[in-house]
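Peer 1: One-letter residues, chain by chain:
2 protein chains.
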Amino acid sequence: MKGTREAVALPRATQLLNHGPVTIITSAHDGRSNVMAASWAMPLDFNPPKVVVVVDSRTLTRQLIDASGVFGLQLPSRGFAAQTLAVGSNAGAGLDKFAAFDLETFPAQNIDVPMLAGCITWMECKVIPDDSQRHDLIIGEVVAAYADSRVYSNNRWHFGDDPDLRTCHYVAGGTFFATGDAFEVAPVASGAMG
Amino acid sequence: MKGTREAVALPRATQLLNHGPVTIITSAHDGRSNVMAASWAMPLDFNPPKVVVVVDSRTLTRQLIDASGVFGLQLPSRGFAAQTLAVGSNAGAGLDKFAAFDLETFPAQNIDVPMLAGCITWMECKVIPDDSQRHDLIIGEVVAAYADSRVYSNNRWHFGDDPDLRTCHYVAGGTFFATGDAFEVAPVASGAMG
Numbered sequence: 001m002k003g004t005r006e007a008v009a010l011p012r013a014t015q016l017l018n019h020g021p022v023t024i025i026t027s028a029h030d031g032r033s034n035v036m037a038a039s040w041a042m043p044l045d046f047n048p049p050k051v052v053v054v055v056d057s058r059t060l061t062r063q064l065i066d067a068s069g070v071f072g073l074q075l076p077s078r079g080f081a082a083q084t085l086a087v088g089s090n091a092g093a094g095l096d097k098f099a100a101f102d103l104e105t106f107p108a109q110n111i112d113v114p115m116l117a118g119c120i121t122w123m124e125c126k127v128i129p130d131d132s133q134r135h136d137l138i139i140g141e142v143v144a145a146y147a148d149s150r151v152y153s154n155n156r157w158h159f160g161d162d163p164d165l166r167t168c169h170y171v172a173g174g175t176f177f178a179t180g181d182a183f184e185v186a187p188v189a190s191g192a193m194g
Numbered sequence: 001m002k003g004t005r006e007a008v009a010l011p012r013a014t015q016l017l018n019h020g021p022v023t024i025i026t027s028a029h030d031g032r033s034n035v036m037a038a039s040w041a042m043p044l045d046f047n048p049p050k051v052v053v054v055v056d057s058r059t060l061t062r063q064l065i066d067a068s069g070v071f072g073l074q075l076p077s078r079g080f081a082a083q084t085l086a087v088g089s090n091a092g093a094g095l096d097k098f099a100a101f102d103l104e105t106f107p108a109q110n111i112d113v114p115m116l117a118g119c120i121t122w123m124e125c126k127v128i129p130d131d132s133q134r135h136d137l138i139i140g141e142v143v144a145a146y147a148d149s150r151v152y153s154n155n156r157w158h159f160g161d162d163p164d165l166r167t168c169h170y171v172a173g174g175t176f177f178a179t180g181d182a183f184e185v186a187p188v189a190s191g192a193m194g
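Protein chains in written order, with the UniProt record's numbering: chain G, 1 to 194; chain F, 1 to 194.
These are computed hints drawn from the structure, not numbers from a lab.
Ideal Cβ placement from N, Cα and C applies to all residues, glycine included.
Hints should not be assumed to be uniformly reliable.
The calculated DSS-like cross-link candidates involving lysine-lysine, where the alpha carbons are at most 27 Å apart (straight line), are [as the list claims (entries may be wrong)]:
#1 F:Lys126 x G:Lys50
#2 G:Lys126 x F:Lys50
#3 G:Lys50 x G:Lys126
#4 G:Lys50 x F:Lys50
#5 F:Lys50 x F:Lys126
Far from chain G by the CB rule (all over 12 Å, computed), these chain F residues [unchecked claim]:
#6 Thr4
#7 Ala7
#8 Arg32
#9 Gly69
#10 Pro114
#11 Ala117
#12 Tyr146
#13 Asp148
#14 Ser153
Pair ranges (Cβ atoms, derived) [unchecked claim]:
#15 G:Asp162 x F:Glu104: 39 to 49 Å
#16 G:Asp162 x F:Asp161: 16 to 26 Å
#17 G:Pro11 x F:Arg134: 18 to 28 Å
#18 F:Asp66 x G:Arg134: 18 to 28 Å
#19 F:Asn154 x G:Asp56: 19 to 29 Å
Generate coordinates for the entire structure from the input sequences, incorporating the hints supplied.
Peer 2: Spelled out as structure tokens, the structure:
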């Protein structure tokens, strides 16, 4: 069963990224497109939602993002981890990674970038040009967000029993952690101050 | 049983943060100190190791980091999640959070900042001053790193059976995900290109 892609309200969009999962970045410009994995991605602000990603200046992805001013940021599930590793381990300069790894795409809503059908949440981002790009930091405003209704709806994650439908967190060398069980805590009370 | 704090080689230090866990930032200057939770923290470079954290310009933590040029970045385990939420939910301006939440500290090795004994990995960071601070992005070079030998040694994570000794990932409103099980994949082979 495939899920449906349902809109996520923009002021809540950073919640898709807050838990630090591995991401995949898609990019396109002037007939060329590319896809790479990125562990180094995080929210930067809530409303308007902004994210910051690290994209090496020597990569094709960076070249395409710099030229187009947009990128797609999506979360793979565990079932897509082998593809995630593949797009993270191969440079796009001499290889059409979409074709090479048989990656199905669909058109983004608000930007001209292919989005990955095999992922479970998606953010469409417009670059906010900034000097921090010299450190390879790309700041983006999220202009559309949506999620697979099997795992996220009504502003909350609800991973079920299928281990392949959880997000994951990259360690190194082909090793990931699955996103584990949710738990809730109340803050400890302030005691010692009396 | 408490673990011992064992040094992590600096070129491998970013592996402590790569999987996107929630962090706690400690800071101090001129007799004042503070502690806050930060979900928005990620590696920026491997060697020398650099990290980037988001610290709101209106916070006491930011004031102390700007004045001292250093900060402590550490990972709480699940067993420390209530304390993490507490230091993330209360401003430090009118409250000594170390005393209020009964947080044991020890002196850092290379910077003048208290580190939290209840955490399981630690990075000591020196700020690399940068214009991106106007976006609340603080770039730091990691100058010392160490980890609790019960969960990390020989450059790898090895979470065991104790659920309280796993790192965790913050969602919102007191909800976290535990770091789940590790798994390894091989990249999918490039097929369609033939």
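Peer 1: Next step is simple, just say for each hint if it's right about the structure.
Peer 2: These are the hints, each one checked on the structure:
1. Distance restraint check for Lys126 of chain F and Lys50 of chain G: the Cα-Cα separation of roughly 26 Å lies within the 27 Å cut-off, and the hinted pair is therefore satisfied.
2. Restraint check: the Cα-Cα separation between Lys126 of chain G and Lys50 of chain F comes to about 25 Å, which is no more than 27 Å; the hinted pair holds.
3. As the CA atoms of Lys50 of chain G and Lys126 of chain G are separated by approximately 9 Å, the hinted pair is consistent with the 27 Å bound.
4. Between Lys50 of chain G and Lys50 of chain F the CA atoms are separated by roughly 21 Å; this keeps the pair inside 27 Å, and the hint holds.
5. Distance hint between Lys50 of chain F and Lys126 of chain F is fulfilled; the C-alpha atoms sit about 9 Å from each other, no more than 27 Å.
6. Listed as outside the interface, Thr4 of chain F is consistent with that label: its C-beta sits roughly 22 Å from the nearest C-beta of chain G, beyond the 12 Å cut-off.
7. Remark: the non-interface label on Ala7 of chain F is consistent with the geometry, its nearest Cβ contact in chain G lying 18 Å away (cut-off 12 Å).
8. Arg32 of chain F, annotated as away from the interface, keeps every beta carbon of chain G farther than 12 Å; the closest lies near 16 Å.
9. Annotated as non-interface, Gly69 of chain F keeps its C-beta farther than 12 Å from every C-beta of chain G; the closest such distance is 17 Å.
10. At the 12 Å boundary, the C-beta of Pro114 of chain F stays outside the reach of chain G, the nearest C-beta of that chain being 15 Å off.
11. No Cβ of chain G approaches the Cβ of Ala117 of chain F within 12 Å, the least distance being about 15 Å, so the stated non-interface status holds.
12. The beta carbon of Tyr146 of chain F is kept farther than 12 Å from every beta carbon of chain G, the shortest such distance being approximately 18 Å.
13. Annotated as non-interface, Asp148 of chain F keeps its C-beta farther than 12 Å from every C-beta of chain G; the closest such distance is 17 Å.
14. With 12 Å as the threshold on Cβ separation, the claim that Ser153 of chain F sits away from chain G holds: the shortest Cβ distance comes to roughly 14 Å.
15. Separation of Asp162 of chain G from Glu104 of chain F is about 41 Å and conforms to the stated range, judged on CB atoms against 39 to 49 Å.
16. Checked against the given bound of 16 to 26 Å, the beta carbons of Asp162 of chain G and Asp161 of chain F, roughly 24 Å apart, stay inside it.
17. Against the hinted window of 18 to 28 Å, the Cβ-Cβ separation of Pro11 of chain G and Arg134 of chain F comes to about 22 Å, which satisfies the hint.
18. The supplied range of 18 to 28 Å is met by Asp66 of chain F and Arg134 of chain G, whose beta-carbon atoms lie about 21 Å from each other.
19. Here the CB-CB span from Asn154 of chain F to Asp56 of chain G is close to 28 Å, well matched to the stated 19 to 29 Å.
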